[in-house]
Amino acid sequence: MIEVNQLTKKFGRKKVLDGVSFTANKGEITCLIGINGVGKTTTLKAIMGLTPINKGSILIDGETINKNTYEKVAFIPDAITMLPQMTIKQAMQFMQDFYKKWNQERATELLTFFKLDEKTRISELSKGNTAKINLLMGLAIDVDYILMDEPFSGIDIFSREQITEVFTSHLIEDRGVIITTHEINDIEHLIDKVILLDNGIVLKEFNTEQMRQEEGKSVVDVMREVYIG
Amino acid sequence: MNVTFNNRDPVYIQVVRYFKEQIANGNLMAGQEIPSRRELAAMLKINPNTAQKAYKEMEEQGLITTERNYPSKITTNENILHGVREELIVAAVDSFMQSIRPLNISIDELLHIVQEKYSQESSKEVL
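The listed protein sequences derive, respectively, from chains A and B.
The opening residue of the first sequence carries number 1 in UniProt numbering; numbering runs sequentially from there.
The opening residue of the second sequence carries number 1 in UniProt numbering; numbering runs sequentially from there.
Source of the hints: derived by calculation from the structure; they are not laboratory data.
Here a beta-carbon is modelled for each residue, glycine too, at the ideal position from N, C-alpha and C.
Careful: at least some of the hints might be erroneous.
What the hints assert, rightly or not - Label pairs and their calculated CB-CB ranges:
hint, chain 1, residue 1, chain 2, residue 2, range
1, B, Ile-100, A, Glu-214, 26 to 34 Å
2, B, Pro-35, A, Glu-105, 17 to 25 Å
3, B, Ala-92, A, Glu-161, 31 to 39 Å
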């Protein structure tokens with residue numbers, strides 16, 4: 001489990017996160033939603049130890065983040081970090097050299113799943129296919145938790161569909177996933193848990209099926225209540 | 001499989017209902033193997049945890065049986081299978097009654113209309 005407790009983060013004088021607390025379980029998809037601006041990506045970066053925090057704590061399987069916990073988590077940024085002139089094959093090779101836990105078998109499987117050719121250069125990929133390769137680079141690392149920053153942002157509907165399929169497939173296995181998004185529509189049925197952020201605080205945290213069962217509300221219903229009132 | 005889920009009812013309950021419909025209309029038969037949880041999740045584009053919860057619910061209701069290391073199967077218990085069909089029919093008729101009662105229509109007229117509509121719909125399906 002990833003536990004975020006009272007996380008506070010300032011950029012200069014501005015508090016981007018002001019006492020954010022939530023948990024994300026292994027084997028579940030947790031969705032961090034914020035309709036405007038900052039906080040979501042910063043939270044993911046804090047979990048990865050990529051940005052220092054001002055207050056609070058982050059525990060991964062009960063352990064305060066350190067070198068050891070870093071090995072358990074993969075972060076997939078919202079844009080690909082591979083050089084454009086690399087082919088997909090070269091990019092995978094780079095990842096393999098860099099990450100001990102790179103799983104080439106899974107990478108190949110994902111490539112087949114996305115119907116992409118490893119000889120293609122990153123610069124030749126469409127926006128949707130770039131997003132898929134970006135996802136592949138993170139998913140092929142054998143870690144227990146995967147953090148994805150806006151995996152659906154700005155890509156075509158069919159790429160979104162394919163990426164959605166990854167979530168329901170064995171390629172995710174029983175890893176814990178945290179994704180940030182502001183578009184929830186076509187993934188409502190996929191996510192286990194929702195954290196609604198705004199202005200650096202958690203406005204609501206709930207389990208989607210429980211919300212439907214107990215209150216008959218969709219995720220969008222709850223968002224409308226919380227954000228618009 | 002083509003199912004559309006609404007966003008306000010628990011997805012697992014909608015999955016159970018889908019299976020019940022398939023049992024009632026004969027698409028799923030007694031003793032038939034059903035997809036694994038993971039396969040079902042992929043087919044219906046739902047969370048594997050939700051598929052798992054739906055299967056657990058169906059096991060509890062006796063609709064499916066699961067033996068260790070084997071695929072789950074539709075029950076062979078005829079009573080349960082009949083019960084499913086009855087349950088769905090009664091529920092559909094109940095909701096129909098709820099909307100038709102306020103119109104204060106005679107039973108003869110109603111039956112006549114139902115008969116006509118029903119055969120129209122059936123012939124549409126054939127076409």
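Can you name, in rising order, the numbers of the hints this structure does not satisfy? Result: no hint breaks.
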